[in-house]
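**Q** Top line first, the protein sequences correspond to chains A and B.
The first sequence begins at 1 in UniProt numbering and counts up one residue at a time.
The second sequence begins at 1 in UniProt numbering and counts up one residue at a time.
Hints are computed from structural coordinates only; laboratory data are not their basis.
Hints are supplied without guarantee of correctness; some may be wrong.
[Said to hold, decoys possible] So, partial list: chain B residues that the calculated Cβ filter (under 8 Å) puts toward chain A:
#1 E76
#2 I82
#3 E84
#4 V85
#5 M88
#6 E90
#7 N138
#8 L141
#9 S144
#10 M148
Yeah, the Cβ is synthetic: ideal placement off N, Cα and C, and Gly gets one too.
2 protein chains.
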Amino acid sequence: MMVINKKSLTDQVYTMLKEKILSRDVELGEQLNTREIAEEHGISLMPVRDALRRLANEDLVENKPRVGFFVKNFSEAEVNDILEVRKMHELYCLENYFNNIDREVIADLKDKFENGHKKYFTSYDLKLHKEIILAADNDYLIDSYLKMINHYTMLFSYLNYKRSETSRQEHIDLIDCILNGEQEKATEILYRHLDRVQIAEDAEIRKRA
Amino acid sequence: MMVINKKSLTDQVYTMLKEKILSRDVELGEQLNTREIAEEHGISLMPVRDALRRLANEDLVENKPRVGFFVKNFSEAEVNDILEVRKMHELYCLENYFNNIDREVIADLKDKFENGHKKYFTSYDLKLHKEIILAADNDYLIDSYLKMINHYTMLFSYLNYKRSETSRQEHIDLIDCILNGEQEKATEILYRHLDRVQIAEDAEIRKRA
Numbered sequence: 001m002m003v004i005n006k007k008s009l010t011d012q013v014y015t016m017l018k019e020k021i022l023s024r025d026v027e028l029g030e031q032l033n034t035r036e037i038a039e040e041h042g043i044s045l046m047p048v049r050d051a052l053r054r055l056a057n058e059d060l061v062e063n064k065p066r067v068g069f070f071v072k073n074f075s076e077a078e079v080n081d082i083l084e085v086r087k088m089h090e091l092y093c094l095e096n097y098f099n100n101i102d103r104e105v106i107a108d109l110k111d112k113f114e115n116g117h118k119k120y121f122t123s124y125d126l127k128l129h130k131e132i133i134l135a136a137d138n139d140y141l142i143d144s145y146l147k148m149i150n151h152y153t154m155l156f157s158y159l160n161y162k163r164s165e166t167s168r169q170e171h172i173d174l175i176d177c178i179l180n181g182e183q184e185k186a187t188e189i190l191y192r193h194l195d196r197v198q199i200a201e202d203a204e205i206r207k208r209a
Numbered sequence: 001m002m003v004i005n006k007k008s009l010t011d012q013v014y015t016m017l018k019e020k021i022l023s024r025d026v027e028l029g030e031q032l033n034t035r036e037i038a039e040e041h042g043i044s045l046m047p048v049r050d051a052l053r054r055l056a057n058e059d060l061v062e063n064k065p066r067v068g069f070f071v072k073n074f075s076e077a078e079v080n081d082i083l084e085v086r087k088m089h090e091l092y093c094l095e096n097y098f099n100n101i102d103r104e105v106i107a108d109l110k111d112k113f114e115n116g117h118k119k120y121f122t123s124y125d126l127k128l129h130k131e132i133i134l135a136a137d138n139d140y141l142i143d144s145y146l147k148m149i150n151h152y153t154m155l156f157s158y159l160n161y162k163r164s165e166t167s168r169q170e171h172i173d174l175i176d177c178i179l180n181g182e183q184e185k186a187t188e189i190l191y192r193h194l195d196r197v198q199i200a201e202d203a204e205i206r207k208r209a
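From just these sequences and the hints, can you work out the full model?
**A** Shown next, in the form of structure tokens:
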């Protein structure tokens, strides 16, 4: 039986490009050539342009009028800005919704951090931080966090920041504090952890500059 | 000399509708009739639709496929969500950037709160809260705040919430704390003030429901 893809061409190109951007397939600041993408997939220019415009709306792509579309690039200041907004969201939720964090999900993540494969580390990491945000049960807060975390994921893949044993241990410590109801200690670990990530990424960016 | 308006038709319709929505000219949840708007201004449907789509992107208008465009409406839960995200931003900035708040602007606002006309109260109010956010000097944080404050302004106009003498005094007290460098007291006043606004608006919403 023929599989019919019901998603519009624009949707498909959008999803494909977004995955490329959020993984490590295209460089920060790289031009995305509309014509090349269209030819490569044997489609017309229109859905490619529409997909690129949608990505520009999400701030993952920059549309320079009369020049073209480029993967978003980040200055050092922007990286720090993004990390700070992340910190604001997570600390607020940890402080105000500590008791609403889903302990079952967290316990399951602990097992994954301890026994899972390293290559899934990033996804466990994102899931843990997201669980803290979900505890607030506030759609506006979640939206605002997810928009920012997209940029974060993008940066993160590009920076190719090596996940150290320290980072793994910090996540496990944070989980233990949540499971044991030690709110103050959890806040302290999260604060230190996010600061350390910031310093590590600053160093990476300077190295690449 | 003929004045040539260089803004595109879409831009003009967009600005006009946005002003209508953010002031008190159309009701929350009211349908925005594309054809009527086009006829009223003697233009075609296309720029009206484009403007409405842009407003939908900003979440000020809801696009119900095959039904039409409606001014966004807010459930009680959404109102609380918006107010909480506002609180998160303002408390974070007050806590971390207290000393960066522009004292000159604040002193000028104090004078306006004390001697200015009541009808400008809302604009002084927004300006004071915005100054606290600007102190962070973080473009991402500012963007995220401004997106939310648009919804806030919209709600605020609709609710027609009577600005009480209490509220004016709270703003003046907050300014005094900032000018005197009393950070803890400032945080306390801001927290109480935002909670009080929340309760007042909840009551307004229930009354209208």
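**Q** State for each hint whether it applies.
**A** Against the structure, the hints:
With 8 Å as the threshold, the beta carbon of B:E76 stays out of range of chain A, its nearest partner Cβ sitting at about 13 Å, so the hint is violated. For B:I82, the interface hint holds, the least distance from its beta-carbon to any beta-carbon of chain A being 6 Å, beneath 8 Å. With a cut of 8 Å, the hint placing B:E84 at the interface with chain A holds, because the nearest CB-to-CB distance is about 6 Å. Because the smallest distance between the Cβ of B:V85 and any Cβ of chain A comes to about 5 Å, under 8 Å, the interface hint for this residue holds.
The interface hint given for B:M88 holds, since its Cβ lies 5 Å from the closest Cβ of chain A, which is under the 8 Å cut-off. A distance limit of 8 Å between C-beta atoms decides the matter here; for B:E90 the minimum to chain A is near 11 Å, and the interface restraint is violated. Among the interface hints, the one on B:N138 holds; its C-beta lies about 5 Å from the nearest C-beta in chain A, closer than the 8 Å criterion. The closest approach between the C-beta of B:L141 and any C-beta of chain A is roughly 5 Å, which is under the 8 Å cut-off, so the hint is satisfied.
Proximity of B:S144 to chain A holds as hinted, the smallest CB-CB distance being about 5 Å (cut-off 8 Å). For the restraint placing B:M148 at the interface with chain A, the shortest Cβ-Cβ distance is roughly 7 Å, inside the 8 Å limit, so the hint holds.
The structure fails hints 1, 6 (numbered hints given earlier, in ascending order).
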